[in-house]
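Chains as they are written, first to last, in the working numbering: chain A, 408 to 894; chain B, 30 to 343.
Each statement offered as a hint is correct.
The calculated SDA-like cross-link candidates involving lysine to any residue, where the alpha carbons are at most 20 Å apart (straight line), are:
{"hint": "1", "chain 1": "B", "residue 1": "K71", "chain 2": "A", "residue 2": "L452"}
{"hint": "2", "chain 1": "B", "residue 1": "K71", "chain 2": "A", "residue 2": "G740"}
{"hint": "3", "chain 1": "B", "residue 1": "K211", "chain 2": "A", "residue 2": "L846"}
{"hint": "4", "chain 1": "B", "residue 1": "K211", "chain 2": "A", "residue 2": "G844"}
{"hint": "5", "chain 1": "B", "residue 1": "K211", "chain 2": "A", "residue 2": "V868"}
{"hint": "6", "chain 1": "B", "residue 1": "K211", "chain 2": "A", "residue 2": "A537"}
It is worth saying that the hints were derived from the structure and are not from the lab.
These figures come from a predicted structure and were not determined experimentally.
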Amino acid sequence: MWEGIVTGFATALTLSNLGWVLFGCASGTIIGMLPGLGPITAIALMIPVSYSLEPAGGLIMMAGVYYGAVFGGSTSSILLNAPGVASTVATSFDGYPMARAGLGGRALAIAAYASFSGGTLGAIALMMFAGFLASLALQFQSPEYSLLLILALSSVVVFAEAQARLPSLITLLLGLMLGTIGTDQLAGIPRFTFGRVDLADGLNFVLVVMATFALAEALRMTLQKDQPPPTAVTASQLKLSWQEGAPLLPVIGRSSVLGFLIGVLPGAGATLASFFAYDIEKRIGNGSREAGVAAPEAANNAASTGSFVPLLTLGIPGSGTTAVLLGVMLSYGLQPGPRLLVDQPEIFWGIIASMYVGNVILLALNLPLIPQLAKLLRLPSRLLIPLIVAFSLIGVYLTTLNLFDLYLMLGLAVGALALRWHNYPLAPLLLGFILSGLLEENVRRTLFLAESGWLELARPVTLVLMALLLIVWLSPLRGRSTENPKP
Amino acid sequence: MLLLVSSLLPGAALAAEPERLHLLIPAGPGGGLDSTARAIGKALQSSDIRAPVSYENMTGGGGGRALGHFVETAQRQQQTLLINSTPLIVRSLQGLFPQSYRDLVPIAALVAEFNAVVVRADSSIVSWPELIKALQADPRSVTTGGGSVRGSMDHVVLAQALEATGINPRAARYLPYDGGGKAMVALLGGEIDVLSTGAGEVLSYVASDDVRVLAIAADKRLAQLPDVPTLSELGTPVVFANWRGLFAAPGTTAAQTDRLIAEIEAATGSNTWQQSLAQYAWTPLNLTGADFTLYLEAQEQQLQAILSELGFIR
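Bound-form chain A, shown alone (with noise of 0.2 Å):
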């Protein structure tokens, strides 16, 4: 393995690579930032610069962009609650009302000082134990993602104020029911679509996010009356004290962990790790602000790190990113698999290599940025809703070119806030339906599969999941004895 770590270094440092590497991170960040455009736009918009490329270099590119818009994504959650990618939205959950109180540049640096140290232990963690988890990523069959599936959505519900959890429970089932719009994954037959193409794929994620976080939250501040006054940022905002970091190291390191084995799975991936990692610094951690912007952040690096286990050990993409990116290395004449790391170990090494160098050097474009990004909220409101709205609808436009989505968009925007309006969450809508899909998808192979017999499906893996569930279903419980003693 150190021969191996070493050839990947030599391959990583060579200067083109390194060249390609900061170009990688640098559109990736960029691409990132902008509201509505995630990782996979920034990596399908790469691919015809990626073609002229030798393999080593254009795959040490390609990584680069999809960590960087990983890492520059949390900046619109962060600035205007409008995340590009499911990954970050629970980045915005505490990110944005720290923007709004001011403390935006300050949740920019831990955003970035998080997605660094996530990012980089992951890449630790991959050249460490790759071939071991690959391993046990195949324990993970049906029955283990539906299990730890409906343990993320109890998580959302159960770990909310006492008094939000029935509406965090029926946000979540309207997300669950939301994300059953489009073609049935198993029958291929479609439901809800009343029979327009437009919604035979489904309702796109970046349409429901844009619709429910961004452009509800501008149709939200234009009725308010009172705004809260733009406030100022000083550059003393972005420095992290000592005693102000040191709480926050233990929250990255859990995060980064938890995320990281998360992303190993296939199909859960950034997402599910960033949400439970918010849940379970909100829970069990301090709670604080820092600490809601550090997890998700930390987690959604290290898991997005973690999603190339399976891409270069088993050949299996994890997420839409990494499917792409598996065609980029077809296109190279590359098979990405178990002999990869046998036939090609320069590619293999150089590319985890490379990911070291590109944390450095994310960090290192993403902190001078900061204060910059973060006059953006000093902009007038009358400036800045016409800027999110505009965003949001080009993001979405730009995403389906599809008109339809617009209406669409529109209709959903003025529903979530309704339900805002009510003091309905809107965070468990959104968890529902992005993880509706890959619920419904692994449930009912897991019905099909229970037909020869429940008792084959008690194994280790499934038990374990299953003691957590009761576990967290049990919690609210106990929280009652304590908090209401008097009936």
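Guided by the hints, dock chain B onto chain A, whose structure is given.
Only chain B this time, still in chain A's reference frame:
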């Protein structure tokens, strides 16, 4: 300067000046359709047949949006070719698309991918006859799966092969996965016992001795898998190719069609195209014009029969 002059004077001395071509791809970047379109585009461009070649990925409706758009705007798509594949026929038959290949002008089939029937290397089933024996004894004793929904290619190929051996395909268990990759995880992890998927997706797992290919639904053995028998050799005459090919817009004149066919034939003869075939391990399927149309008709009949049998169309 020369370039400027020739672009200012269309029609004058243009014999050597290639025209532009647009390729409409009904899928996202990075997949099989996308890479095939870009490979043929590259071949057209490097052989100076057409330049520039531009690409448009139009996802949506499982390819239905691109198809609908192409047919509706046919009049201004005279310099556009749509790339498509076997699911075009499957979805038209199931009524998921209001249009079918009959609404298009078939130009050429480019490549074919054949389905493989795969088991884990340590599986107790080591040959196709053994699989059949096990299924004949109890059709639910073996769990099969594939990288696409029920009634789609991975399912249909397997169902046809089972039916040819006298097993009721509706009695066999088939678990669908979202893509060949996830189905492969399910096979390696033991959730399914038998996987039906494109041969190209299994090559690296064969090389690493993780899986064994029982049979291939091709007319002859594949160069990359010389030891794997075809289903026909095993007494189950099922051949099924997932073709990828190019179509012109409805209303394309016969002269223009002939020209496009000649151009694609020239491009598939080029070294650039041969290199792409080797790089992606694609099997060439050189059918043009009327031959391609006949091929599509035959495949439609084959699919119609098995889809009715499976209950996906009435």
